[in-house]
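K.L.:
These protein sequences, in sequence, are chains F and Z.
All letters in the first sequence, in the order written, are residues 1 to 147 by our numbering.
All letters in the second sequence, in the order written, are residues 1 to 148 by our numbering.
Simulated from the structure, these hints should not be mistaken for lab results.
We put the beta carbon where it would ideally sit given N, CA and C, even for glycine.
A few of these clues could be false.
[Unchecked claim] Here are some, though not all, of the chain F residues that point toward chain Z, as calculated from beta-carbon distances under 10 Å:
#1 Arg-69
#2 Ser-106
#3 Leu-130
[To be verified] Where chain F lies over chain Z, by a calculated footprint (3+ residues, C-beta under 8 Å):
#4 11–17
#5 48–56
#6 77–83
#7 93–102
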Amino acid sequence: MFVAADIARAAVGGSLVGLSTAGMLYTHGRLSGITGIVGGAMHPKAQSESWSWRAAFIAGLLVSGLIARVVRPDLVTLHNTTNVVVLAVAGLLAGFGARISGGCTSGHGICGIGSFSLRSMAATGTFMVLGAVVVYTMRHVLFGGGV
Amino acid sequence: MKRLLISFGWDALFGTGLLISGMTLPAKVQGFLDVAGNWDPSLAFVMGAALAVFIPLRILIERRGGVHETLARGHYDVRLLGGAALFGAGWGLGGYCPGPSVVSAGAGALPAIIVLAGTLAGIWLADRTRGSAPLSIAPPASPDACAP
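Bound-form chain Z, shown alone (with noise of 0.2 Å):
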């Protein structure tokens, strides 16, 4: 339960983080992706700054030791290239990535919400495509980066 209760709050700040940033206001992550016109460089600051935060911290978890999740490893393939660029298209349409709209999701606003729709059944039907119709030479081991 403790356990729980952690995870709950590491990710209560996760989401409060994405709202300070700006990341779930759709039309601001759209002005900051329109790079050839009216371009709002601002959020590449959250990357940034979350980059900055991130990586010394991993490395001194890391040389702690202990059992710990690590990247999964693959091929420079469809998968993973072709699964980039249309997730990036997607991202550019609503302005909304995975994380954000389900941020967006609990405060009720309905575009996050019909966009989480999208989204869930997304992921549905990617895990449907996996092992039937491979379409990559890559071994299917680990299919997520970050959550296998």
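In isolation and in its complexed conformation, chain F is listed as follows (with noise of 0.2 Å):
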């Protein structure tokens, strides 16, 4: 169930993250894109220069969720009762599929549907499908929603 209060927090925090978004392309040029910037910061040798940003980028997503843990716990899911080897098959599959496709809900969702890029939408559209076959599968015809 849902209710306004959760889509005026979305809306707020949908807010920030296109501002965030728009602030990055201001000051520094860039298109905030995770996957891109984590792969980018995965290859320190070939993109020297520009490792720096990317680390700090990294180190500025850790921090709100260092001080998250403090100040709002609720705000994230520090236990639950997924499968590890789930969770590690969903971020294997997560990781390779977007950085394949060039992007994942930040580069094609926000950045390149920002851009009006007819195949972000395509992407987007597709992996909203796909989780939402997934999500599917799981609820209601594997476990009968136990997930």
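From the two separate chains plus the hints, produce the assembled complex.
P.N.:
Below you can see the structure in the form of structure tokens.
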């Protein structure tokens, strides 16, 4: 179930994400695609000149989580019942797929659609549909609402 | 150094936005994706609001000119759409996309740390496939839409 407060929080949080994305474009001339930035940071030798801002970018994300842990731990899921193997496979698929596709939720969904890219719209539509298919399969076919 | 601090600041803001919005709660994300079941549409407003803020600012920034990154060009091919399909499957399965998994890992959340480890492995694997086994006829130019 959801309530109006959830919508308000989603809109406020989304606005901050949009502001940050525009801010990175303004001050650094960079689009904030998380998978691309994390992937680039994994090759420090190949991209030495741009490694440091990527590291600062990732540090900013990590520190926001650390602060949330202290002030609002209810905003993160510290433990859940999802199987460790399922989580690892989920991450593997998400990382592999996003890197092959050239973007994830932030890259295609915000930067790409925000730049009116038809390719990003196609990619975003595709990953939304597949996400829905997988969740439907887990919740209503395999486990009957148990996940 | 100043530029690094600014980058840090913008992305602490990015992470804070994800935290406030509910994107770091995988069960809520899966509720958003559960269109055919007990659908929780509230997270649609995250992307909606982000775009509503980003698009006008991007247009202003581009009008001012200057050097900035633009999207990679390419085809509608197996890499774009097949990759997106795999990404969507992983997103639905775990309830984490890469940004929220990094933020939640910063909070020390164990599920997110496991997902993030898988994500890093997935990115590494994807980079290994590039060049050796091209999946498409697209030029291998800029592999990442948002961070070449």
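K.L.:
With 10 Å as the cut and Cβ atoms as the points, is Arg-69/F at the interface with chain Z?
P.N.:
holds (4 Å)
K.L.:
Please count how many residues of the stretch 11–17 of chain Z have a CB within 8 Å of a CB from chain F and say whether that reaches 3.
P.N.:
holds (count 7)
K.L.:
Closer than 8 Å, Cβ to Cβ, for at least three residues: run that test on the stretch 77–83 of chain Z against chain F and report holds or violated.
P.N.:
Holds: 5 residues of the stretch 77–83 of chain Z have a Cβ under 8 Å from chain F.
K.L.:
Answer holds if the nearest beta-carbon of chain Z is closer than 10 Å to that of Ser-106/F; otherwise answer violated.
P.N.:
The hint holds - Ser-106/F has a Cβ within 10 Å of chain Z, the shortest such distance being about 5 Å.
K.L.:
Count the residues of the stretch 48–56 of chain Z with a beta-carbon closer than 8 Å to any beta-carbon of chain F: does the count reach three?
P.N.:
With 8 residues in contact (Cβ-Cβ under 8 Å with chain F), the coverage given for the stretch 48–56 of chain Z holds.
K.L.:
Confirm or reject the coverage of the stretch 93–102 of chain Z by chain F under the rule of 3 or more residues with a beta carbon closer than 8 Å to the chain's beta carbons.
P.N.:
n = 9 at 8 Å, threshold three: holds.
K.L.:
Identify whether the interface hint at Leu-130/F stands, where standing means a beta carbon of chain Z within less than 10 Å of its own.
P.N.:
holds (3 Å)
Taken one by one, the earlier hints all hold for this structure without exception.
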